[in-house]
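Undergrad: So you can see what is in the structure, the chains are spelled out below.
2 protein chains.
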Amino acid sequence: MAENIKLKVGVLISGNGSNLQSIIDACEDPNFPAELSIVISNKAEAYGLGRAKKANIKTKVIEHQNFQHRSDFEKNITKALINANVELVCLAGFMRILTDTFVYSWKDRLINVHPSLLPIFKGLNTHQRAIECGVKFSGCTIHFVSSSMDEGPIILQAAVPVHQNDTSKSLAERVLDAEHKLYPMAIRLFANKKIWIENDLVKFTNIEDHNEILINPNIKN
Amino acid sequence: MAENIKLKVGVLISGNGSNLQSIIDACEDPNFPAELSIVISNKAEAYGLGRAKKANIKTKVIEHQNFQHRSDFEKNITKALINANVELVCLAGFMRILTDTFVYSWKDRLINVHPSLLPIFKGLNTHQRAIECGVKFSGCTIHFVSSSMDEGPIILQAAVPVHQNDTSKSLAERVLDAEHKLYPMAIRLFANKKIWIENDLVKFTNIEDHNEILINPNIKN
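The listed protein sequences correspond, in order, to chains A and B.
Counting along the first sequence from 1, when you hit position 36 you're at 49 in the numbering used here, and nothing is skipped either side.
Counting along the second sequence from 1, when you hit position 33 you're at 46 in the numbering used here, and nothing is skipped either side.
None of these hints come from the bench; they were simulated from the model.
Misleading hints may appear alongside valid ones.
Identical copies go unnamed one by one, so any copy, or any two together, can satisfy a pair.
[Stated by the list, open to error] Here are the simulated SDA-like pairs of lysine to any residue, each with C-alpha atoms no more than 20 Å apart in a straight line: (1) K216 x H176; (2) K194 x I232; (3) K135 x C146; (4) K194 x E225; (5) K88 x S27; (6) K182 x E225; (7) K135 x E145; (8) K216 x N178; (9) K194 x H223; (10) K216 x I144; (11) K207 x N231; (12) K194 x K206; (13) K216 x T180.
The shape of chain A in the complex, shown without the other chains:
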């Protein structure tokens, strides 16, 4: 694939940026059909900014507290994304709620990762809530962003077992491993035009169905 037809991706972060790192790593493969055009953080101290700089990716800090109105904050984000020719916006630990106006202006070109098997456990503290609920599986979801928080057509999900002795930290790590696999996969699907939205559901071309049954706990005797 020629360099000049790679999908241009913008990533919005607020902190550590481990999902950003998984995207950076994926983009290092010359056959990956997307490239990072810009990383925007609403926090100047976000660790992920250093990850982007190290990979020679353009970064921009747009701090929300510098704007009286949320709409002005978001206009600046959109301006930076457009200046960088971004075709797909990826939220990766971006901790600001986006307005309907922003979401609509990036409709079908804005995706998010959430650390649960949506629609369950929307919002924060997903891992603690999963543990307290006693579910044997949690996971993560990549989805197109709609105007409601943690809603919108689901692209991919990964399921991971919850262990008996899990803490929210140990479960978060296991889910994060899955997120790091899932996000580049979703970007690749989008870039290769393998997915589209139909009646609010994501459809795929050329999928291979599989029938695995994953049981947890899986005890032999």
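Fit chain B to the supplied structure of chain A, relying on the hints for placement.
TA: Using the frame of chain A, we list chain B on its own:
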């Protein structure tokens, strides 16, 4: 394991009894630590009654419409279970809501299978709702029964992928395959005293943790 120390199980059905069949099949293994003492149906025409008879298991029909009060219907069920020396009651497609009195009298000895990854999709039409929601995983849950419908400490769960072209029927079949694996596994755990309830969560002895990540759809390019 000597025959005389096998756990005595009672199964309540209303219809086809495919989960009952999976338990019957499991009990045919001489090493399985449980045996079926009685199968009770609230419908005389339930196909599962024939499955039990074929396996030489005692059956009893207790039709709910013959009782003016739900409590009398349930008292008859409990009487039949006690007469059969039942130590664990398994609901397997039993389509009557049970009262708190019945549930309490079988507290921690009453388990159910539900065709979803509880706590999501409680109630009926789970597969259609999963498909319409766009989730990439569904599954089934074996849980101790508490007084709220489809609630109570989760024992085991199995996750299965939802396919793009699934109908509620095709998804039901895939989930049912998982149910048939899961139910005998839960009975074996209970019979072997490998599980107990602590703070409304099911705890296990000697579990082997696993860290599989199951992704759906899982597309290579």
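Undergrad: Take the hints in turn and mark each one as holding or not.
TA: Now for the hints, and whether the structure bears them out:
Taking CA atoms no more than 20 Å apart as the test, K216 paired with H176 passes between copies only; the shortest distance there is 10 Å, against 32 Å inside one copy. Within a single copy, K194 and I232 get their C-alpha atoms only as close as 27 Å, which misses the 20 Å cut-off; across copies the closest is 12 Å, which meets it. In the homo-oligomer, the alpha carbons of K135 and C146 lie at most 20 Å apart both inside one protomer (14 Å) and across protomers (14 Å), since each shortest distance falls under that limit. Taking the shortest Cα distances, K194 and E225 sit within 20 Å of each other both inside one copy (18 Å) and across copies (13 Å).
Taking the shortest Cα distances, K88 and S27 sit within 20 Å of each other inside one copy (17 Å), while across copies they are farther apart (60 Å). With identical chains, the CA atoms of K182 and E225 are at most 20 Å apart between copies only, with a shortest distance of 18 Å across copies and 27 Å within one. Taking the shortest Cα distances, K135 and E145 sit within 20 Å of each other both inside one copy (15 Å) and across copies (18 Å). Within a single copy, K216 and N178 get their C-alpha atoms only as close as 37 Å, which misses the 20 Å cut-off; across copies the closest is 9 Å, which meets it.
For the homomeric pair K194 and H223, the shortest alpha-carbon distances inside one copy (18 Å) and between copies (18 Å) are both at most 20 Å. Taking the closest pair of Cα atoms, K216 and I144 come within 20 Å of each other only across two copies (12 Å); inside a single copy the shortest separation is 32 Å, beyond that limit. Taking CA atoms no more than 20 Å apart as the test, K207 paired with N231 passes between copies only; the shortest distance there is 13 Å, against 34 Å inside one copy. Proximity of K194 and K206 under a CA criterion of 20 Å is satisfied intra-copy only: 19 Å inside one chain copy versus 38 Å between copies.
In the homo-oligomer, the alpha carbons of K216 and T180 lie at most 20 Å apart only across protomers (15 Å), although the nearest pairing inside one protomer, at 35 Å, exceeds that limit.
When the structure is compared with the earlier hints, no violation turns up for any of them.
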